[in-house]
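Number of protein chains: 2
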Amino acid sequence: MNMKDGRIRVVIESVSPEIDFGRFPAKRIIGDTMSVEADIFTDGHDAISASLLYKTEGEDAWREMPMTPLVNDRWQASFPLEQLGRYRYTVTGWVDHFKSWRKAIEKRVTARQVVSVDMLIGASMVEEAANHASGSAKSTLKKLAASLRSSSVKDDEKLAMVLEPDMVSLVDKHSVRLFTVTYPRELVVVVDPVCARFSAWYEMFPRSASSLPGRHGTFRDCERLLPRVAAMGFDILYFPPIHPIGVTHRKGRNNRPSSNPEDAGSPWAIGSSEGGHKSVNPMLGTPEDYKRLIAKARDKGIEIAFDLAYNCTPDHPYVKEHPEWFRKRPDGTIQYAENPPKKYEDIIPFDFETEHWSELWEELKSIVLFWIDQGIRIFRVDNPHTKPFPFWEWLITEVKRDYPEVIFLSEAFTRPKVMNRLTKLGFSQTYTYFAWRNTKWELTQYFTELGRPGVRDHLRPNLWPNTPDILTEYLQFGGRPAFIARLILAATLGASYGIYGAPYELMEARPREPGSEEYVDSEKYEIKHWNLERPDSLREFITRVNRIRRENPALHDDVSLRFHDVDNDSLLCYSKHTPDWSNIIVTIVNLDPHHTQAGWVTIPLETMSLDAAQPFQVHDLLSDARYLWHGPRNYVELNPNVVPAHVLRIRRRIRSERDFDYFM
Amino acid sequence: MNMKDGRIRVVIESVSPEIDFGRFPAKRIIGDTMSVEADIFTDGHDAISASLLYKTEGEDAWREMPMTPLVNDRWQASFPLEQLGRYRYTVTGWVDHFKSWRKAIEKRVTARQVVSVDMLIGASMVEEAANHASGSAKSTLKKLAASLRSSSVKDDEKLAMVLEPDMVSLVDKHSVRLFTVTYPRELVVVVDPVCARFSAWYEMFPRSASSLPGRHGTFRDCERLLPRVAAMGFDILYFPPIHPIGVTHRKGRNNRPSSNPEDAGSPWAIGSSEGGHKSVNPMLGTPEDYKRLIAKARDKGIEIAFDLAYNCTPDHPYVKEHPEWFRKRPDGTIQYAENPPKKYEDIIPFDFETEHWSELWEELKSIVLFWIDQGIRIFRVDNPHTKPFPFWEWLITEVKRDYPEVIFLSEAFTRPKVMNRLTKLGFSQTYTYFAWRNTKWELTQYFTELGRPGVRDHLRPNLWPNTPDILTEYLQFGGRPAFIARLILAATLGASYGIYGAPYELMEARPREPGSEEYVDSEKYEIKHWNLERPDSLREFITRVNRIRRENPALHDDVSLRFHDVDNDSLLCYSKHTPDWSNIIVTIVNLDPHHTQAGWVTIPLETMSLDAAQPFQVHDLLSDARYLWHGPRNYVELNPNVVPAHVLRIRRRIRSERDFDYFM
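Protein chains in written order, with numbering that gives the first Met the number 0: chain A, 0 to 663; chain B, 0 to 663.
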């Protein structure tokens, strides 16, 4: 224990946000107000004061914000996050004798006790402050001290003088803080761009972008599709890897172990004689085409997300140039990927236990920096859970030090603690188990867990109802209502969501075989031609949902998510709101894609700053219908074959006869 | 971040118990098994191993216990706590390539894959282990390696050899652990004597112990009462301070501001010309009488608890000898205690902000050591929340370093975070808000909070239904049923509990005035003569409850406390059990002292290792009645005017015809 000065009596604990006692930074976005709380108290009855200290990582001096007590010894203060990158913050506190004295003297004067000695104690404190002041402050304080000592000034007058707010500030400002304690850790918050929290992703394979069936799509073809993606309201367009694809052990259609010469191969099998992680598959175009596409997309408000998949085919140039980065077997062959008894001979993983690990790390970083140079700012990272945690922490920290606007999405479909570690150590967003959470209990439990303080401070979920690897049974069997319901859930439960676009628009639901979550004739292994103009597509519906998201700031964050009671387990109800409650969205989804479900929804009006005694209007942003609701319990009925959900904006006030001029 | 070796891939987090990231020790009692858990995982698919490291604080070398995976990346191991004092522990983990290899080769051989290269990989690992072994271990390992390399041994045979448990242990023992990670903090557990967790306290004023009304009781009188206290089943006998009482501003009866010469004064007003904190009030006897009483009590299985009240009257010798330990006011007078506008002029507090704080600390410690020398092992500390936290942490740590058998009870009736800080920093037990928790909701909430992991690892509640300061309204208005119900709650909700004895036995319920929680004619200010032989006293009942506590180990700990559903809010139901479920106590209390209450209790049989399909017997240890219960839901009815509670021991098995010989 600290025996430096036993007179340091204030305790500061349970600072929040603080992740793993400061081991990892919290995350926020630019423009946020950073609210910090702490338990602060001391022994006995003395008053205390506390300040939040903060600075950007580059600054030397702390800036200071006075903290305010809430309840139960909890204190709070905020500071604005005005630039990208890292801020540091901590908390300091001290026993405030002048504050104690003010409180006591006020009670004493009110109780008409003799206070002459007490006034002298106050006078000494004010004189002490005067000694540390100069100029007019000094003389003001000296005058106050003299008044407190004077026997010709009445107690009530002395009290009025010394409690005058400007005077209190002046004494506070010049008082020496004795025995202050500062929280032993400096904490960090990483400030990301807005898209780290609020983003709508659209995934497509550029090789399927051609307008001519059978032809290999190109970046130029993708340019043609940009206005369509923008019009649908997506702001991130994500391509699987764009590199040359290996030939050795290339997989055939439907993941067959062998391929024909015309098979396109999996884009995740990276590296061939045509190049590796810094090369572009020539079938897609030139590196210049890619740069041009990035720029054109940005003009339309779309960022291109790059797929960072750190693995190689046996044909990758690294295998010859850096055999020391791979694991050799006793027969001299290189260890391919496997999950015994399964073998993935088309992929060879890096050996992160190599003695040459630091050169390997540097090279892997150089890949990221190379694509940043080409204009990329968003990296979707393939299987980060199969590479060491220290590597990611180093990589992301290094990259974001120079490029704080860059974000990383973790594609870690793995065990919960591994997933959490990756977001703690720096990933800006993560894929989740959302695709497999279908029932009311599952969704409520899972999103309550993700929303816990501590978790929500580092883990930003990105919700995908489907991916090229995931065609859930719910989508396979639920038909159009299932696709609509899952889209609404993803887009409103998550400030960030994404779809594997064309198959979702077209409600592609055929698995490779019964029980499989793989698509039949999966685009992972072949070029597809999607008929995006099909009249039954979900395009218009998706466009509407994305517009609702943009127009309603309640949906731009996950922190306000709350679930509400419905007396029907097929109906899920939840709300989000802005901090000032000016925008409140209540979503109700029928999770049963087959039957109409009805029930009574209970909304806690009293906690929503709504008057439970007044009727209010709810506006369904999906159907444009408006309903008059009254009180916390209201009836809903959802037919999945019409629309399986309400996305209700609460309009606070209903017009009444009082609103007409003649009533005044 | 740690860049020493990027190949350290294992993560260890969320070790439990760990309080405030190792800032404070956890607490256990001697004989406990110390179970430690941690989240341990790595990237990818490699197998890992982990060990719990532990030692007593005096030892240099760690002892090691292999950890076992539970679920969800949680690992566990235990070590025995065999001596009082401090143990240290931490966790270490590593990627275990031999374990990964064993798992893979087993699957491969089962799948009849070609494994010759894989056997060579295993052979190298075994040879590596052999190189670090000697003697017979070396030759055994060399032989195994040779077999794995041999083309004349069949794969199945190789597999059998290498999976043989002794062989696995041998390889493990001699394998070099590469890239191990050890949790960055060494954690501490303080091992206390049993009474720190399980104790029944009886509070009495020795000055009221005389058998003759009006005469000042003495330690000799107390000796006479020892058999009675022991027979009732109490093991700690607690006296208010035994020091000379001040004269200046001495309070009169019922806390009147002035006193008559015959007024005895408050024992907490410590210090007079007859001495201070190391002196005994001559009216109680000599220091030798006190030592003798301590020894006589110990013979009867009773420890005398000492009241450590660090405050002085104006007459205390310290005031003259060490004026520098008190705060002076501008008029030269010494600052008395106050809570404006209230003044406590009979008490002057130490000034812990004095420049001479370290001398003050040493003197206060010497008081504790002085009474330890007299035989005291249990200190009840008066108002610790009005002295600095660092002082207590230092004092308790210092004292327990030399006297690990000493325990401290914190009498901190203050805000929750202050109370928690005191137990975190070292107090062995604490008073609680129990006295004011009367309804089902209040009791359930409060004891659920106290039982949370983290809290329960440092805070041991001691439940008092009354104290000389606290006569609750529930007791004032509830009559005999209220006294009985609150005793049962205290004694079964808390492994430690206590009563302010005579008034409780006699159901003294008269407050000083309506709305007050002070006793009328409080013993704090006068000598009382209690008629302990009154026929309506609770003595027999209390004796029975204490016997139930002693005989049922389920009640010796709080960690297993669980609340159960009753469909009547006046009935509270909870259970405790031993770790092996051999002793299960279900308590049901009627919280309404005025009316019979009945309801259906739901006990989660499936989690209690009870067969829900079989009837079982519950034995009411209060009434000795036995009931046959069946299934989780059973009916109870409690008349407060008979006994307002059941304390049921669950007898697992009901005899049936199958138990008779002729049935076999």
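No lab work stands behind these hints: they were computed from the structure.
Glycine included, C-beta positions come from ideal geometry on N, C-alpha and C.
Wrong hints could be hidden among the right ones.
Chain A residues, not near chain B, derived (Cβ > 12 Å throughout) [unchecked claim]:
id, residue
1, Gly-5
2, Ile-29
3, Ser-278
4, Gly-300
5, Ala-308
6, Asn-545
As a list, the in silico EDC-like pairs of lysine to aspartate or glutamate whose alpha-carbon atoms are at most 16 Å apart [claimed, not checked]:
id, chain 1, residue 1, chain 2, residue 2
7, B, Lys-172, B, Asp-117
8, B, Lys-106, A, Glu-337
9, A, Lys-416, B, Glu-337
10, B, Lys-416, A, Glu-12
11, A, Lys-341, B, Asp-117
12, A, Lys-106, B, Glu-337
13, B, Lys-416, A, Glu-337
14, A, Lys-3, B, Glu-354
15, B, Lys-327, A, Asp-117
16, A, Lys-3, B, Glu-358
Hint by hint, here is what the structure shows:
no.	hint	result
1	Gly-5	violated, 5 Å
2	Ile-29	holds, 24 Å
3	Ser-278	holds, 26 Å
4	Gly-300	holds, 35 Å
5	Ala-308	holds, 15 Å
6	Asn-545	holds, 35 Å
7	Lys-172/B x Asp-117/B	violated, 22 Å
8	Lys-106/B x Glu-337/A	holds, 12 Å
9	Lys-416/A x Glu-337/B	violated, 52 Å
10	Lys-416/B x Glu-12/A	holds, 10 Å
11	Lys-341/A x Asp-117/B	holds, 14 Å
12	Lys-106/A x Glu-337/B	holds, 12 Å
13	Lys-416/B x Glu-337/A	violated, 52 Å
14	Lys-3/A x Glu-354/B	holds, 13 Å
15	Lys-327/B x Asp-117/A	holds, 12 Å
16	Lys-3/A x Glu-358/B	holds, 14 Å
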